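S.K.: Protein chains in written order, with full-length UniProt numbering: chain A, 1 to 499; chain B, 1 to 98; chain C, 1 to 498.
A portion of the hints provided could be inaccurate.
Unchecked claim - Where chain C lies over chain A, by a calculated footprint (3+ residues, C-beta under 8 angstroms):
| hint | region |
| --- | --- |
| 1 | 103-109 |
| 2 | 148-159 |
| 3 | 200-214 |
| 4 | 328-338 |
Derived from the structure by calculation, the hints contain no laboratory data.
None of these values were measured; they are calculated from a predicted model.
Glycine is no exception: its CB is placed at the ideal position from the N, C-alpha and C atoms.
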Amino acid sequence: MSVDLTLSALDLAAQLRAGTITSVELTEACFARIDAFDGDVRAFVSLDREGALATAREVDEARTRGADLHPLAGVPIAVKDNMVTRGQDTTCCSRILAGWKPPYDATVIRKLKDAKLPIVGKTNMDEFAMGSSTEHSCYGPTHNPWDLDRIPGGSGGGSAAAVSAFFVPLALGSDTGGSIRQPGAVTGTVGVKPTYGAVSRYGLIAMASSLDQIGPVTRTVADAAALQELIGGHDSFDSTSLDEPVPALGQAVEDADLAGLTLGVVKQASGEGFDPEVTRLFAQTVERLREAGATVEEVDCPSFEYALAAYYLIMPAEVSSNLARFDGIRYGARFEPDEGPVTAETVMAATREKGFGDEVKRRLILGTHVLSAGYYDAYYGSAQKVRTLVQRDLDNAFARVDALVLPTSPTTAFKLGERTDDPMAMYMCDIATIPANLAGIPAMSLPVGCSGEDGLPVGFQVMAPARQDATMYRVAAVVEGVSDDVAGTCPAAAWKEAE
Amino acid sequence: MLTISTDEVARVAKLARIALTEEEVTRFASELDVIASAVAKVSEVATPDVEATSHPIPLRNVWREDIAGDVLDRDELLAGAPAAENGQFRVPQILGEE
Amino acid sequence: MAKLLSYEDACSQFDPVLGLEVHVELGTKTKMFDAAPNMSGGEPNTRLQPVSVGLPGSLPVVNKQAVEYAIQIGLALNCQIAETCRFARKNYFYPDLAKAYQISQFDEPIAADGYLDVELSDGEIFRVLIERAHMEEDAGKNTHVGGAEGRIQGADYSLVDYNRAGVPLVEIVTRPIEGAGERAPEVAAAYVRALRDIFQTLGVSEARMERGNVRADVNVSLRTNATDPYGTRTETKNVNSFRAIERTVRYEMRRQAAILNAGGTVTQETRHWHEDTSTTSAGREKSDADDYRYFPEPDLVPVAPSREWVAQLRRNLPELPISRRRRLREEYGFSAEEMRDVVNADALDVIEATVEAGAAPQAARKWWMGELSRYAKDHEMELANVPTTPQQVAALQALVDQGKLNDKLARQVLEGVLAGEGEPETVMADRGLEIVRDDSVLEAAVDDAMAANPDVVEKLKGGKMKAIGALIGPIMKATRGQADAGAVREMIMAKLNQ
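Could you build all of it, start to finish, from the sequences and the hints given here?
M.R.: Here it is as structure tokens:
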């Protein structure tokens, strides 16, 4: 039986279990498709054929022996290039880490290895996860499989594109202000930011520690639930990890129905700046949810208007500290100054000047300014207060509703190069996703249709209270049920490899 | 309104150990000025009665017992370093503090 | 070389104000924020986990034992223990700082508002107020290669070993120390010594100054009158012996006094102590000093020690050095001077153990402050490490008390014990050093001596008792020093009267 890469991860896992395909066949099929089309998409920045196939062989052998395997064992996965993988290039798509092979594994990587998912390779991203288009990568941009002239979203555009292009059924992303969900929206994939602390950050190269969270990138809600169950759970190596059992997310997807649930439509996430087609598809989906039995209310979250501003204080402040360790001494690249004395100090400054791209430097300067003497209270301190206000708004909202719904991205995928010279316009991409990061609540984006204007996918976002990831999955599964198949209609589904 | 001058960008670049070119200093100053004005918005609502939140999920007393674990393999570690010598990380001369 | 005012003039014209920041490395098994072993020595870069070397993606996790030690230190210093406190990041670049920030505590230390009573050499008690004690991590170590041997100046390049990076530290900061006057140098050294003793008593650190387990930053400023506002201060970094602390204060007082006296102004700066020249010199200006961009460490959550825990630690605090000294001085009947010498020689523990093993306090003091201190000095070792035990010293003294050894013989036995020949009894027997008690042997020796020296016997009979030494000498020689001199004298007298 030939391998059908348009199937979901769970369907492929079922075929593996049934023995109709082997993990080696499946993994080889992924590599064949990557070889054929990634030259155009550029989702991957490094591949690990040997490692992935070795894992696949292990799974097949173990299966023959009748060994007990994880349900997703043998299903290939791609990982964003900011999660450390021992002995494999981990660069955050930055010159400053070019060629670095970490001497340890991130907790999520260890979990993938323990469950025996072949790790196909590392995916492209905006340098150090800073961007909304995957154009700020030292490897060049990733192209959206829906339209190769357009951005795949960011910063995790590589993972989203790899799943959207059917290179792999599963991928991991990281979400600091929307870097899983916004790429999900513009590539027609499912992207989840779990509750802060639900998935260990150990080994995720930090962007903004109080906002970062690893999550699944898939084509179906059920696949995302299965992957989050695998990577989630308490980790003693991450002090911010929740010491709680992983919720039964797959069960929540299976049991999905809206009976007795109240959904809140966020008043602030509409109107100005939102594309009419995005607004239309959002309203259409809300209407279908109402028909499916949900009670729908409008909720007011006035602090959301300040969330973006607060984010652009907290995030660069933490970035400026987290990225200080890239100084050309312990790992990665080292550059010497073009002129003047060569000292530890001048080499650090030259390494950081030449090793970091513009967007990273912009945020390092802004963040250093934000934390610098005399500005702390006005900037960082105030931003942390906005965070309190966002949490209060959400607490009030969740006192009345079980989940919030809002569009993911104000627009569909824009053209490559369209916003690279306008940082503020780029930052607007995250307006509807950022509140969830500030408050630590779970949020996911899933495709609900395509724009009547440009035919590109539009994302729909579901947010739930902290620790209520199961509620989010339950609602998302219903949303998926009432929406047309979007991921499967991606033009990439029709790409056929040369015989 | 707070603004970010080229002098401030140059000062901060030094603190952040980035040898920005003059062109970058000028460009970043104008770009960051826009951002800084936008973020100044937070002061409208960040009143003294509002408490600051540094962690999205409040936890406390997360610690570990004092038990030694595995150490990194030194060769593997130093293989990733830009320069190493005798089991140590080699760095250019450090300007004296004396 | 800077101009100096004489110390006496400096003291008569100015009032010194001190500030001390003392870092102590905690003796935990693992580092502050990861499970890498906390051990000194060893091959460079072999005691590292991802956090210690600041690898991308690594995350800190607090060592509970280090928190416990910090609370114990806070309690011993009569501090308030915070109900909740946080870690912050102190951001700066330096090759030995693996993450380019140090995780420390900034505005929320674990302990604050305490004091320490410090006993000076004449027994006077000086109270030093403690502003705070907070937890932080140590940095790695740079070694400078080329140029002047091991010096940072003129080195060709440097090598970095991160083994020490992440070792847990507690930093103790005093409030400005006023009113010490001309005793300021002594107060500074006595304060750090008192802290060192507390660390050792609590068992939170080996607290070996010479190994850098305890390091002091010494702030000194002068003002004309004790009622004036504080003058401009200098901070001399990493002074790591009691003597150097004392001399640093003295030197800075003289140097600053000379500047002020000449109408100049003291520059606020970081300085360094030079053991070789006994001077301080100005450090290089750091452009980013004082802009450390502190902010709450987002990778760690607040530490909120429960009141039950704190109360339990308070109950279990060992007796602290100053009260122990007071108690033992009284029990042992030592003079203030004797006690000071004992403390300065780090001999109190061994003396106490020797007394517990049965020796009289003065006898125990005499052995440890005499023979054994000399031995330690000759062999360049700590008194506690000389190769004999308090039990052996007590056993030796028991032999003296029983009259089996005199002082001279006892010293010979001790020599044998130190040379590894065994227990005092054994050494005494093996070397045949026991005082001769057999009267027939003694009598024969006395008779021989009297027979051989009839002139001396005559003199004695004539009442010239000073001459007795001329008989005792040969008798002791004949018995190889093992005769009891008193018994010999009695026997001669008896024979003369016969």
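S.K.: Each hint should be assessed against the structure and marked as holding or not.
M.R.: Going down the list of hints, with the structure as the test:
1. Given a C-beta distance limit of less than 8 angstroms, the hint that chain C covers the region 103-109 of chain A holds, as 3 residues qualify and 3 suffice.
2. For the region 148-159 of chain A, the stated coverage by chain C is not satisfied: 0 residues place a CB nearer than 8 angstroms to a CB of that chain, which falls below the threshold of 3.
3. For the region 200-214 of chain A, the stated coverage by chain C holds: 9 residues have a C-beta nearer than 8 angstroms to a C-beta of that chain, and at least 3 were required.
4. Judged by the Cβ-Cβ criterion of 8 angstroms, the region 328-338 of chain A is covered by chain C as claimed, because 3 of its residues qualify and three suffice.
Hint check: a violation occurs at hint 2 only; the rest are consistent with the structure.
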